[in-house]
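What follows is the residue order along each chain.
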Amino acid sequence: MRGSYTLILGAAMTLCFAAAALVSFIWVPFDVTLVDIPNKLQRPTGQHWLGTDHFGRDLLSMIMVGARTSIAVALIAVGIGILIGVPLGLLAAARKGSWLDEMIMRANDLIFAFPSLVIAILITAIFGAGAVNAIIAIGIFNIPVFARVTRGGALSLWEREFILSARVAGKSGLLISVEHILPNLANLLIVQGTIQFSLGILAEAGLSYVGLGAQPPLPSWGRMLADAQTMVSFAPHLALVPGGAIILTVLGLNMMGDGLRDRLDPKLRGRPV
Amino acid sequence: MPQRFTARALTPVLALIATVSTASAAETDITIGMQLEPPHLDPTSAAAGAIDNVVYSNIFEGLTRFMGDGSVVPGLAKSWDISDDGLSYTFHLQGDVRFHDGSAMDAADVKFSLDRARAEDSTNAQKALFTGIADVAVIDPLTVVLTLEAPNGNLLFNLAWGDAVIVASETIETIKSNPVGTGAFRFVKWVQGDRIDLVRNGDYWGTAPALEGATFKFISDPTAAFAAMMAEDIDAFQTFPAPENLPQFDADPRFKLLIGSTEGETILSTNNKMPPFDNKLVRQALAHAIDRQAIIDGAMFGYGTPIGSHFAPHNPAYIDLTGNSVYDPAKAKALLAEAGFADGFTTTLKLPPPSYARRGGEIIAAQLRAVGINAEISNLEWAQWLEQVFRGKDYGLTIVSHTEPMDIGIYARPEYYFQYDNPAFQDLMTRLTATADPDQRRAMLQEAQTVISTDYVNGYLFQLAATSVAKTGVQGMWLNAPTQAIDLTGISWAD
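These protein sequence lines map, in sequence, to chains A and B. 0 is the number of the first residue of the first sequence in numbering that gives the first Met the number 0; add one for each residue after it. 0 is the number of the first residue of the second sequence in numbering that gives the first Met the number 0; add one for each residue after it.
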């Protein structure tokens with residue numbers, strides 16, 4: 000099955016970086032804040048597996064701690080999107096056609112209409128650069144995504160017989176949303192969450208690249224790329240290492256998202272592959 | 000190698016094309032890259048160094064001028080007499096000097112320029128240069144007398160600054176967009192965001208320059224600057240923004256490096272009024288916690304000279320005081336403990352955009368962390384830095400290069416952003432200004448260097464190197480930067 004193949008490969012790549020991030024909490028090869036100028040710009044060696052940067056810091060350690068930054072920012076940003084977007088979507092679907100539905104969805108359209116990275120830059124420029132503000136900026140743009148997905152999925156569920164029977168049993172709209180609609184949307188949200196997670200990692204890298212993400216000395220993949228820019232011609236590993244980490248993580252998450260959709264989407268389930 | 004073969008086969012054709020298309024342009028024009036674009040072109044109303052880069056000695060001239068070696072020589076004034084009491088300077092102007100619009104430059108223009116610069120409502124960025132001038136009097140069209148309130152040994156030096164150039168009252172309204180001066184080059188056009196074109200002034204009073212025209216091109220991104228140099232789109236780059244690329248230019252036979260010294264004392268500025276930095280022991284601890292050589296190697300890739308005070312090493316009055324602040328983390332910790340900060344403390348480290356600050360900041364933060372000081376980095380744009388740090392004094396530490404020549408006098412200004420208030424030093428500077436004798440002046444300057452070094456006012460890091468890159472054939476570019484300038488008058492192409 001193609002689905003399981005992409006799913007396994009994607010999950011394996013994602014888990015690699017997740018594991019690196021988790022391991023970095025208890026152990027890294029070198030302290031990432033340790034500046035060691037005499038050992039700067041080393042190519043990969045037995046001691047420094049991925050080489051050192053222009054301050055002599057160990058690139059492998061920086062990638063590991065950077066994975067932590069990226070994953071934390073993207074994960075919390077997706078969490079914000081789910082925690083606010085999903086209830087809004089459920090509410091809008093339960094009150095379909097009402098002024099509340101209109102208000103929620105038009106507000107979502109409004110946020111959707113803004114170019115997300117530009118607004119993220121605006122937010123961090125006003126409230127100051129830093130990981131927390133990057134999380135908020137990226138999180139805000141996850142809200143309408145989850146609200147729309149939830150509302151769309153919920154609307155089609157509201158037409159189903161088992162919901163009708165729940166209504167006949169006298170359950171309120173809100174109770175039905177929580178007890179019957181939400182569990183049936185879980186698959187959809189997991190797939191969407193995976194995709195938003197990969198977009199979050201890209202957005203964090205973009206913000207750090209322009210200096211608005213996590214601030215030094217906390218390593219971040221985007222800033223590692225920005226620092227490497229003028230040194231690519233004589234120390235290409237400085238850019239290849241963080242660039243590769245971003246590509247592999249985002250690719251892994253997207254493959255995992257695709258695989259999960261193939262596996263979980265009821266419309267595709269049981270179809271010949 | 001097929002590529003080599005193609006190139007060789009095409010050489011005669013290329014040579015032919017080259018002769019036809021660039022016969023008139025090559026070797027008489029120059030394109031010089033700069034990182035920052037000037038906000039406007041009036042050197043007498045803004046501190047931006049980019050303005051002086053374009054106009055100093057090219058478009059505008061003063062009574063005296065700097066040469067590339069830092070000496071002050073006659074400019075529009077061909078000679079001067081100083082009265083015995085040192086209070087009156089009589090300047091004899093060059094004859095037959097015309098502004099680019101054809102009007103004559105005479106004593107009235109000198110009076111207008113100096114009166115404008117020192118006026119109550121003047122917007123001159125270096126007004127202090129003109130304090131002490133009591134009167135500017137026109138004797139005849141080619142003679143001006145400056146009367147001083149007190150003897151000032153710096154007057155001829157002060158008048159050489161870009162802020163003291165001679166402008167014409169007729170064209171002052173449009174000076175910011177269409178500068179009209181007396182220099183060897185006249186302004187042609189400014190394509191905002193891209194370049195400024197100058198052309199040789201055929202009516203120049205002095206020696207005609209070798210170049211027929213010049214273009215200043217603005218490239219802020221270091222990567223783009225590197226690409227433009229490598230593609231030979233520009234002939235030279237003043238203060239190349241990425242020191243890590245300099246070895247590549249050095250290894251390339253098409254280019255040469257021009258490594259000199261600037262007037263930029265790069266310092267870890269410390270807010271002397273903000274606790275705990277109001278405690279001298281804490282500042283001394285900072286000084287011993289910093290490893291200068293690591294900063295020079297890490298942030299500037301080895302380009303820069305260590306300094307131990309706020310004074311340029313190429314100045315004759317310089318004394319090496321780096322011994323007062325030797326890298327010694329153990330001593331720094333002991334000093335912190337003595338000051339009552341055995342467990343360290345947290346402060347802010349606000350960094351402007353240049354790479355010496357951003358990179359140097361990361362290294363210094365790591366070095367301070369090693370002695371227990373947690374310096375929280377925040378990266379600022381220039382406008383934010385000027386607002387928060389320079390004007391607002393809302394900072395603990397910052398890194399900046401002070402590029403004005405002979406600017407030790409800023410330590411006598413208690414309201415200046417690092418807020419050093421020492422009456423003894425202020426008195427020393429007052430006496431220095433009133434002294435004309437070279438030996439006495441040197442002794443006083445050395446005393447001044449020692450005072451601020453042993454008071455540990457700021458962390459003294461290194462003298463910023465002048466790191467320019469040029470094509471091998473470019474001759475006569477300034478090696479050092481005694482003032483902000485790209486002096487085109489001496490530049491020529493080798494045959």
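Calculated from the structure, these hints are not laboratory results. Check the hints yourself; a few may be wrong.
[Said to hold, decoys possible] Some chain A residues near chain B, calculated using beta-carbon distances under 10 Å:
1. SER3
2. THR5
3. ALA18
4. VAL22
5. PHE54
6. LEU59
7. GLY78
8. THR229
9. HIS236
10. ARG262
All residues carry an ideal CB built from backbone N, CA and C; glycine is no exception.
Each hint tested on the structure:
no.: 1; hint: SER3; result: 43 Å, violated
no.: 2; hint: THR5; result: 36 Å, violated
no.: 3; hint: ALA18; result: 28 Å, violated
no.: 4; hint: VAL22; result: 23 Å, violated
no.: 5; hint: PHE54; result: 5 Å, holds
no.: 6; hint: LEU59; result: 18 Å, violated
no.: 7; hint: GLY78; result: 26 Å, violated
no.: 8; hint: THR229; result: 4 Å, holds
no.: 9; hint: HIS236; result: 14 Å, violated
no.: 10; hint: ARG262; result: 44 Å, violated
When each numbered hint is compared with the structure, violations occur for hints 1, 2, 3, 4, 6, 7, 9, 10.
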